[in-house]
Amino acid sequence: MIKRLLALALVLVVAFLVFPLFAQMDERAEVGALAAAYLSDGPALLGAANLVTAVVVTYRGLDTLGEVTVLFAASAGISLVFGTLGRGTRSADAKNRDDSRSTGRQPPSELVETGAALLVPLIFLFGVFVFVHGHLTPGGGFQGGVVIASGVLFAFLAGTLHHAPHRLLGVLEIVSGAGYVAIGLLGVWLALGFLDPRFLPLGEIGRLFSGGAIPVIYVLVGVKVGAELSGVIDAMRQRSES
Amino acid sequence: MTQILSVLSFLLMGIGMWGLMSRRHLIKIVIGFSLVDTGVHLLLVAIGYRTGGTAPIVSDHLPAGLLSERAVDPIPSALVLTAIVIGLAVTALMLSFAVRMYERTRSVYIDKNKELKW
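Residue numbers (this note's numbering), protein chains in the order written: chain A, 956 to 1197; chain B, 241 to 358.
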């Protein structure tokens, strides 16, 4: 009880200290100088219709490379925690867990199986659509990758996929990660700097083949995010089944 | 709009922080983290909004010339876009730690884990 009161008091003190910052926030009529420069020069300079993508992939491309690295570190951590680290205690725990789980796992119903057979290819297609059109419409590599990983999860739940293709996932991760860095280095060599996408023709704004290397980078990011999150799902699945 | 969104994100972060500190169940603590995370995303998007602004995407309705007059700030949107996916990965990592803690201590309550106390 006293702990809870202390926690409440602490939350209230922090809220009291921070609230003026939130309450004073005014709506802006104009964007900042940097954003204004991006908005006025971005479309002509990079040929990407979606300015958010231009910021993610080009203006702040190095940050995005860092984010992909963080994602890799997180998924490697999950594999580590669920894989080799857990193996020692697993055999001792297995009996306990079998006792607690009296009925075992129910197989997926026919409805789920048929629905998965119909929907999983469509979900994959939609994920690919989202990251291929990332420079034209709302969406991009991160969202498309998550959509693909959700399709993998659905396939596991419905029992259409029993074992994740580890080798394929590993190859996809390596190729897309290395390809991302290689395209960045091509930018140094052929254009003005690291991750500069303008060594490919910019094309007409709003077309699928436009924006230089931006769509290529986003496809690689999408493949990498999809493969990594599928690996996370697979690690959790293996853990729950063993 | 910015005021409404920032007050809402303030509330969301407050609820998340309260959950983080008052709950003892590991999964509920992770949910508290996610609520704080969502509040931060909402705050960033609110900062990027401008009066009457629309999405910074060139289309038939918004030609490139009008972009600097009508589009919202694209930088916070780009930050939030990546932050959501990173938040997902970090939440998955926290849940995996929660599973390991459960296996070690046979309890989902954080105060049963004596090794954390000093």
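Read the hints as simulated data drawn from the structure, not as lab findings.
Hints should not be assumed to be uniformly reliable.
[Claimed, not checked] Listed next, the stretches of chain B that the computed footprint assigns to chain A, with coverage defined by at least 3 CB atoms under 8 Å from CB atoms of chain A: (1) 243–250; (2) 273–282; (3) 293–300; (4) 305–314; (5) 321–330; (6) 336–348.
[Stated by the list, open to error] Taking beta-carbon pairs under 10 Å as the criterion, some of the chain B residues facing chain A (in silico): (7) Met261; (8) Tyr289; (9) Ala318; (10) Glu355.
[Stated by the list, open to error] Beyond 10 Å from chain A on every Cβ pair, some chain B residues (computed): (11) His265; (12) Ile267; (13) Lys268; (14) Leu333; (15) Lys352; (16) Asn353; (17) Lys354; (18) Lys357.
As the structure is a computational prediction, the values presented were derived from the model and not from experiment.
Beta carbons: idealized from backbone N, C-alpha and C, even for Gly.
Hint-by-hint comparison with the structure:
1. Only when three residues or more bring their CB closer than 8 Å to a CB of chain A does the claim for the segment 243–250 of chain B stand; here the count is 5, and the claim holds.
2. Interface restraint, the segment 273–282 of chain B with chain A: violated (0 residues with C-beta to C-beta distance below 8 Å; minimum three).
3. Interface restraint, the segment 293–300 of chain B with chain A: holds (5 residues with C-beta to C-beta distance below 8 Å; minimum three).
4. Counting residues of the segment 305–314 of chain B whose CB lies closer than 8 Å to any CB of chain A gives 6, which reaches the minimum of 3, so the coverage claim holds.
5. Under the rule that three or more residues need a Cβ within less than 8 Å of chain A, the assignment of the segment 321–330 of chain B holds, with 8 such residues.
6. As drawn, the segment 336–348 of chain B meets chain A at 6 residues by the rule of a beta-carbon pair under 8 Å; at three or more, the given contact holds.
7. About 4 Å separates the beta-carbon of Met261(B) from the nearest beta-carbon of chain A, less than 10 Å, and the hint is met.
8. With a cut of 10 Å, the hint placing Tyr289(B) at the interface with chain A holds, because the nearest CB-to-CB distance is about 7 Å.
9. With its C-beta approaching chain A no nearer than about 4 Å, Ala318(B) sits inside the 10 Å limit, and its interface hint holds.
10. Annotation: Glu355(B) was flagged as interfacial toward chain A, and the flag is violated, the nearest CB pair being 15 Å apart, outside 10 Å.
11. No Cβ of chain A approaches the Cβ of His265(B) within 10 Å, the least distance being about 14 Å, so the stated non-interface status holds.
12. Once the 10 Å rule is applied to beta carbons, Ile267(B) is consistent with being away from chain A; the minimum gap is 14 Å.
13. Every C-beta of chain A lies more than 10 Å from that of Lys268(B), the closest at about 13 Å, which supports listing it as non-interface.
14. Once the 10 Å rule is applied to beta carbons, Leu333(B) is inconsistent with being away from chain A; the minimum gap is 5 Å.
15. The claim that Lys352(B) is not at the interface with chain A holds, since no C-beta of that chain comes within 10 Å of its own (minimum 15 Å).
16. Against chain A, the non-interface label of Asn353(B) holds: every CB pair exceeds 10 Å, the least being about 15 Å.
17. Every beta carbon of chain A lies more than 10 Å from that of Lys354(B), the smallest distance being close to 16 Å; the non-interface claim holds.
18. The beta carbon of Lys357(B) is kept farther than 10 Å from every beta carbon of chain A, the shortest such distance being approximately 13 Å.
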